[in-house]
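All chains, please: the whole structure from these sequences, using the hints.
Protein chains in written order, with our numbering: chain A, 1 to 438; chain B, 1 to 438; chain C, 1 to 438; chain D, 1 to 438.
I should point out that these hints are in silico values taken from the structure, not numbers from a laboratory. Any given hint might turn out to be false.
Cβ pair distances, simulated, as ranges [claimed, not checked]: (1) B:K214 - C:A61: 34 to 40 Å; (2) A:E219 - D:H429: 22 to 28 Å; (3) B:D143 - A:A267: 56 to 62 Å.
Okay, derived cross-link-like pairs now, SDA-like style, lysine to any residue, Cα gap no bigger than 20 Å in a straight line [what the hints assert, rightly or not]: (4) C:K3 - B:A437; (5) A:K3 - A:R29; (6) A:K162 - D:G369.
Quick reminder that beta carbons are idealized off the backbone N, C-alpha and C, glycines included.
Number of protein chains: 4
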Amino acid sequence: MAKLPIKLAIIGGGSSYTPELVEGVLKRREQLPVSEIHFVDVEAGLEKLEIIAALTRRMIAKAGADITVTASLDRRAAIAGADFVMTQFRVGGLQARARDERIPLKYDVIGQETTGPGGFAKALRTIPVILDICKDIEELAPDAWMLNFTNPAGLVTEAVLKYTKVKAIGLCNVPVSMKMMIAAMMDCEPDELSLECAGLNHLVWAHRAWLNGKDVTAEVLQKVGDGAGYTMKNIAEEPWDPDFLNALGAIPCPYHRYFYQPDAMLAEEKATAQTEGTRAEQVMKTEQELFDLYRDETLAEKPAQLENRGGAYYSDASLNLVDAIYNDRKTVHVVNVRNNGTISALPDAAVIECSAVVGSWGAKPITVGSLSPAVLGLISQVKAYEQLTVEAAVHGNYNQGLMALANNPLVPDIHRAKAILDDILRENHDYLPQFHAG
Amino acid sequence: MAKLPIKLAIIGGGSSYTPELVEGVLKRREQLPVSEIHFVDVEAGLEKLEIIAALTRRMIAKAGADITVTASLDRRAAIAGADFVMTQFRVGGLQARARDERIPLKYDVIGQETTGPGGFAKALRTIPVILDICKDIEELAPDAWMLNFTNPAGLVTEAVLKYTKVKAIGLCNVPVSMKMMIAAMMDCEPDELSLECAGLNHLVWAHRAWLNGKDVTAEVLQKVGDGAGYTMKNIAEEPWDPDFLNALGAIPCPYHRYFYQPDAMLAEEKATAQTEGTRAEQVMKTEQELFDLYRDETLAEKPAQLENRGGAYYSDASLNLVDAIYNDRKTVHVVNVRNNGTISALPDAAVIECSAVVGSWGAKPITVGSLSPAVLGLISQVKAYEQLTVEAAVHGNYNQGLMALANNPLVPDIHRAKAILDDILRENHDYLPQFHAG
Amino acid sequence: MAKLPIKLAIIGGGSSYTPELVEGVLKRREQLPVSEIHFVDVEAGLEKLEIIAALTRRMIAKAGADITVTASLDRRAAIAGADFVMTQFRVGGLQARARDERIPLKYDVIGQETTGPGGFAKALRTIPVILDICKDIEELAPDAWMLNFTNPAGLVTEAVLKYTKVKAIGLCNVPVSMKMMIAAMMDCEPDELSLECAGLNHLVWAHRAWLNGKDVTAEVLQKVGDGAGYTMKNIAEEPWDPDFLNALGAIPCPYHRYFYQPDAMLAEEKATAQTEGTRAEQVMKTEQELFDLYRDETLAEKPAQLENRGGAYYSDASLNLVDAIYNDRKTVHVVNVRNNGTISALPDAAVIECSAVVGSWGAKPITVGSLSPAVLGLISQVKAYEQLTVEAAVHGNYNQGLMALANNPLVPDIHRAKAILDDILRENHDYLPQFHAG
Amino acid sequence: MAKLPIKLAIIGGGSSYTPELVEGVLKRREQLPVSEIHFVDVEAGLEKLEIIAALTRRMIAKAGADITVTASLDRRAAIAGADFVMTQFRVGGLQARARDERIPLKYDVIGQETTGPGGFAKALRTIPVILDICKDIEELAPDAWMLNFTNPAGLVTEAVLKYTKVKAIGLCNVPVSMKMMIAAMMDCEPDELSLECAGLNHLVWAHRAWLNGKDVTAEVLQKVGDGAGYTMKNIAEEPWDPDFLNALGAIPCPYHRYFYQPDAMLAEEKATAQTEGTRAEQVMKTEQELFDLYRDETLAEKPAQLENRGGAYYSDASLNLVDAIYNDRKTVHVVNVRNNGTISALPDAAVIECSAVVGSWGAKPITVGSLSPAVLGLISQVKAYEQLTVEAAVHGNYNQGLMALANNPLVPDIHRAKAILDDILRENHDYLPQFHAG
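Shown next as structure tokens:
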């Protein structure tokens with residue numbers, strides 16, 4: 001790869017997020033000589049794919065860059081010879097997501113895209129597809145790095161690292177958003193701030209925050225408890241109890257609200273589902289509006305409205321990672337990688353989300369060691385759920401699926417777990433061939 | 001100790017269970033030469049203590065045994081020179097237990113004596129007292145074995161083993177009851193059946209059941225799923241879902257219903273609390289009736305009514321342990337001991353409940369190694385709760401108390417955790433000096 | 001198996017030890033209803049096999065027992081339907097052993113049958129053969145227990161448990177000999193003594209010795225240091241330094257002399273090799289004499305001279321294990337089993353030698369947890385050697401063979417390691433097909 | 001500390017290496033605003049201390065820098081308010097080192113300053129002194145970073161981190177020298193090369209070498225095996241066997257020769273000791289010559305002859321670390337830190353040498369996880385030796401000292417271990433008060 005021009009393959013290229021990614025590529029032309037971008041998507045997304053490709057070409061032309069853009073349904077052509085394969089697809093589209101959100105609510109259980117039963121359903125649909133993609137990478141681009149954004153990103157990356165030989169790193173915009181929000185609270189530059197992050201995807205804590213060599217964790221916790229803006233576009237801004245934060249002693253991520261404050265989160269979800277619709281149902285409208293904008297042949301840049309979509313820093317997170325690998329930066333990023341002992345109590349083969357040193361050697365996690373019981377119980381419980389989900393998704397195993405949901409802390413009772421599982425299997429029938437084999 | 005006559009010190013001797021213990025001593029006269037039993041209790045329990053002592057003397061006389069019985073409020077005298085110290089006391093009595101059961105119900109949370117917030121409250125009251133007892137043992141009977149029955153038995157034993165030098169083993173009648181119930185299902189003698197038990201107190205699974213060298217786990221699970229009698233006097237007999245048991249692949253203990261089926265258990269508790277009263281409130285009546293019987297000077301044996309009290313096999317569990325230690329039997333018992341690596345994912349200093357080889361060397365656990373994620377998540381979560389509870393109880397630390405409840409899987413939301421904690425601290429004020437020190 | 005008559009398959013039945021095994025079977029007729037013994041051996045051992053079979057039949061007849069004895073070269077027939085398969089064969093015979101002993105001596109390295117390069121060479125020859133045997137067991141007697149005596153017993157058992165599905169337990173007469181010698185020192189019955197044993201085969205320590213509930217470890221160490229008889233027939237009785245034993249704080253096994261006192265052991269070996277010959281060369285004579293005795297058609301019992309051969313308690317160790325499994329005794333034996341976390345610092349898949357509870361559930365090790373650095377360094381070093389040897393033996397891998405010897409603490413320099421490895425590969429050429437494949 | 005001027009305290013300031021350190025400080029004036037250097041030494045080193053201070057002042061003047069230089073015997077004054085405390089002292093001076101080298105040779109054991117019994121003796125002398133220094137730091141400069149160069153650096157740092165609250169990082173010039181030598185072999189800039197280093201001090205491997213995103217480990221090993229210059233000034237350049245390196249699969253450090261090739265190393269040491277004298281005896285002459293140069297009042301820079309002394313890159317290693325911490329660089333350095341799970345098989349509290357991310361948060365090790373058995377045996381054995389040595393040194397415990405030497409792989413027999421220990425204790429009597437207390 002060394003200093004040769006870069007080919008990017010974007011699986012799920014028809015995503016409404018793509019223009020941000022393209023903007024990120026153009027911003028980094030000095031350090032990242034991208035020569036080719038190949039967007040690929042499935043038949044059903046063809047129209048969107050073509051809109052995105054056209055907008056991309058206009059953006060490149062406006063920037064005066066020299067990048068070949070291809071858009072096709074031919075995944076193997078996209079992958080062949082790629083240096084980085086970025087996966088951001090959504091099996092079943094927003095319709096499937098809406099179902100993921102609605103099913104649990106029937107049983108008074110959090111209905112959310114990535115955590116709880118919603119994330120479980122998404123994992124069942126996604127994992128068989130990504131393992132297929134990996135077969136292509138193993139054959140056609142064995143040295144490529146896969147950067148996986150597809151949610152639930154930790155779980156999906158664990159399936160890839162357990163069942164394929166692909167060099168994969170899972171990525172999420174939550175840790176970088178945490179850094180931005182905390183820097184804003186502390187009135188400092190993000191780069192002045194160092195966070196010791198470790199946990200699982202959408203269940204990551206900053207165990208310590210450093211500012212200019214000083215441990216400012218307690219100060220940050222106080223600001224969050226005092227009501228400092230600390231959430232993301234797609235999560236209800238439920239305030240945090242200051243006493244709880246003080247007792248916790250670590251900075252939770254915005255998604256922790258689902259685990260620590262399910263009463264309020266569930267009430268909010270149920271109320272919203274009856275009025276504005278679930279998050280997916282809302283996003284469908286936003287998407288429609290975005291693609292209406294993207295179609296405009298005079299548009300040659302990322303429209304401001306994309307910010308409302310919810311994926312803040314998505315482009316920075318992914319392209320900074322490409323930069324760190326390509327240019328061997330050895331900079332610290334928070335990524336999803338094989339645990340390998342980083343968090344002592346979790347299995348070696350578990351994927352965790354943690355601070356890691358990223359360079360041409362990939363992402364090497366920074367040792368965490370023993371975690372406090374204040375966080376270790378939850379992380380162990382959720383990791384057990386994740387392991388069981390990976391096995392259920394790969395092997396189409398009902399029992400492991402049932403145990404997965406029974407172990408998810410958002411599902412309080414095995415009877416509800418079973419009812420939800422049965423609904424998920426029935427309503428996603430066409431996307432779950434692994435459960436119907438043989 | 002070797003082959004010398006045995007002195008037993010019974011802390012909380014005024015318990016209504018005591019006659020069963022005495023019966024057990026008398027049944028084992030051949031192998032266990034008990035020469036002295038010293039019952040001790042607190043001032044408030046003096047009347048009961050004397051009733052028990054008188055009944056005990058009548059039972060001994062009837063049996064023609066030669067055992068000195070002392071009943072006093074002098075704990076140090078009881079402990080001095082004891083070979084076995086049995087702890088079965090209840091700080092705050094049944095009134096405190098009734099509060100432990102009622103407080104969580106206000107917040108739609110399981111209200112139970114040993115699991116959930118009820119067990120947490122009991123631990124806060126009990127641990128300071130048992131650490132005091134241990135100081136006496138360290139001074140007055142350093143070679144004695146403490147057999148701890150005081151609930152929550154795992155947690156309390158963990159506090160003893162972390163904070164004192166006393167040789168302690170925690171004991172519970174659940175595992176022996178499981179064995180009896182499974183033997184009944186399988187229509188075999190209990191001794192023909194071997195269970196590989198491991199977990200935590202009141203959260204223990206038989207991971208495998210063997211009958212005559214054959215693994216009969218699946219068969220047992222099917223019988224339990226088909227509705228075989230599988231519960232204990234003090235737990236609602238909520239039926240088990242056969243599919244869930246099959247997926248679990250391990251035999252849960254009756255108390256697992258609180259964790260796996262909280263919906264039904266909570267509904268039952270709430271209903272009962274409004275009609276017959278909570279379990280403690282019911283037991284108060286039973287206790288009254290038992291002590292009325294015990295007072296009868298013609299009674300010289302354990303009355304049959306004691307069976308309704310709920311502590312089946314209590315006497316067998318404890319005296320078989322005394323026998324195994326005293327006579328160096330090297331027999332397998334399920335006890336609460338320091339983990340020391342037995343279950344790989346838990347800390348060395350955690351107390352676990354597992355099969356162990358008991359002899360004059362104490363209780364040596366049988367290796368368990370890596371547990372399946374199907375059980376490991378729950379066990380890790382509950383152990384985190386237990387560790388935090390021990391620290392909260394020993395140091396009177398509010399933050400660790402809050403994190404303990406926030407990590408208890410029966411408490412679904414931190415706001416409820418905090419409300420319950422505040423209620424517990426307020427309603428148990430006089431029993432929690434550690435929270436008011438300094 | 002339950003209570004049905006027992007078929008024993010003895011692989012390597014032509015061994016001079018076999019009469020002791022037969023005597024053990026006859027002694028245990030009450031509790032072990034053996035109905036069939038099938039001895040099997042290789043072509044080269046046919047004459048010895050027939051001598052043994054004839055003697056066995058005379059012993060059975062004299063005892064009035066009803067046991068069918070078969071002797072054949074048909075391994076599959078021996079294994080088919082066996083309940084216990086006992087492996088006690090020696091690939092290459094005593095000639096190969098003599099080479100194992102002589103090669104290292106050329107380089108001033110301990111030349112011994114089971115430890116050091118001698119044991120390494122034996123493992124290379126043995127492992128391919130035992131894996132073949134295991135294939136037969138998997139096919140023809142999948143429920144049988146393999147009791148493996150073939151040295152190096154730990155290493156060989158590790159290969160079996162890693163690479164086959166056979167239910168195998170490794171066994172050695174060292175731990176039972178230690179118990180007998182220590183009981184003699186302490187002037188007690190062996191059964192009164194409890195040893196907490198853990199380590200590796202021929203590298204096992206009794207970490208604590210208990211007599212009637214008292215920890216007598218220090219007393220035993222003092223007696224060993226004072227010169228109490230503490231060795232086995234085949235090991236030079238080099239005295240132990242009392243200060244060292246006191247510092248060690250655990251009772252070493254007789255074979256530890258090779259690791260702790262190689263100066264004296266090497267000097268003794270070199271001297272003996274020049275006069276009486278190596279141990280193998282001495283044993284050849286003993287064997288000759290034994291078989292001369294066995295041939296005598298009037299002999300119908302184990303001759304007393306067998307005791308000089310060196311395998312004391314061999315029969316007791318193996319048949320007590322058969323008894324424990326068959327009759328579900330749940331008694332404590334020291335065996336070679338999968339670690340599975342028993343000794344925390346070693347890999348789960350490593351085979352260790354430790355106290356275990358043996359019953360119809362097999363051998364369940366008793367937890368050891370963290371070992372003192374005083375023993376952990378050596379055990380880790382030797383286990384690394386063993387792991388590498390298993391891989392070298394299974395895959396015929398030169399590099400792993402070289403690293404195995406380079407990691408063996410008895411081989412002080414990599415140049416000597418390489419020279420010894422090359423000699424071993426050359427001199428055992430015909431027995432090491434795995435190194436010549438493809 | 002943030003951006004304030006820096007005070008350095010140099011314990012053992014009279015070392016002949018100091019001018020290199022001063023040169024390093026002057027080279028980094030832009031990024032490291034050192035305002036004060038306080039050299040401290042013991043009475044016996046006063047003359048050297050003053051020579052060094054005078055030379056330092058001339059160097060600073062020549063550079064036109066504004067740095068206050070103090071030289072005193074007042075350790076507390078040096079430490080008070082320091083930002084960095086650098087420890088580079090030598091208890092007993094070169095005379096003691098010469099004894100450390102000579103004693104083992106009497107018993108045909110490697111006599112070397114840092115590994116084997118020589119390093120053990122040095123640790124016994126050094127640890128009580130450094131713990132005293134730490135008491136001063138805890139009191140007078142609790143936020144200071146201690147950078148410890150005093151050998152055996154890993155062992156000594158382990159004692160500091162186990163027994164004090166000082167923020168300490170151990171440092172050695174071996175890893176940076178390895179990087180320089182490998183970069184020379186590969187004909188690349190050191191910065192283009194990434195080494196994944198992990199092990200113990202003077203027992204560290206580069207497990208993988210990366211050049212521009214390519215794994216070049218095998219290529220480096222081939223070059224080392226082909227005879228590429230790969231040693232340091234103070235170690236005999238014994239060539240490496242190419243087959244061994246290939247089998248090892250990791251790049252050893254120059255000091256590994258003592259463990260892998262003791263035959264040749266010992267022969268060389270014995271020969272040299274009889275001719276030129278031991279390394280210490282040679283250094284005494286070099287030192288004399290250096291101080292003769294330093295005395296020259298016209299000298300105002302580090303003389304070229306210092307290079308022969310052996311501490312190449314010593315200044316870069318330490319000042320780059322100061323820079324990384326002070327300027328929060330988050331760059332990767334190889335340092336000695338608390339293991340905390342980095343290498344799974346070693347205890348959390350062990351100090352290891354490994355790649356770490358250094359910034360204002362200190363040094364955070366990069367996860368290593370499970371090491372191959374090819375290196376794990378040796379590392380475990382040496383770590384056991386180190387743990388025992390720390391305990392022996394801190395508590396003056398003979399037994400742990402004996403077990404330490406008995407576990408050192410360079411000491412092949414316990415009788416030699418004991419003889420060497422007794423010699424060391426006798427010949428260092430005045431430096432080992434901890435062995436004579438009470």
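To see whether the hints hold, each was checked on the structure:
no. : hint                        : result
1   : B:K214 - C:A61: 34 to 40 Å  : holds, 35 Å
2   : A:E219 - D:H429: 22 to 28 Å : violated, 53 Å
3   : B:D143 - A:A267: 56 to 62 Å : holds, 58 Å
4   : C:K3 - B:A437               : violated, 65 Å
5   : A:K3 - A:R29                : holds, 13 Å
6   : A:K162 - D:G369             : holds, 16 Å
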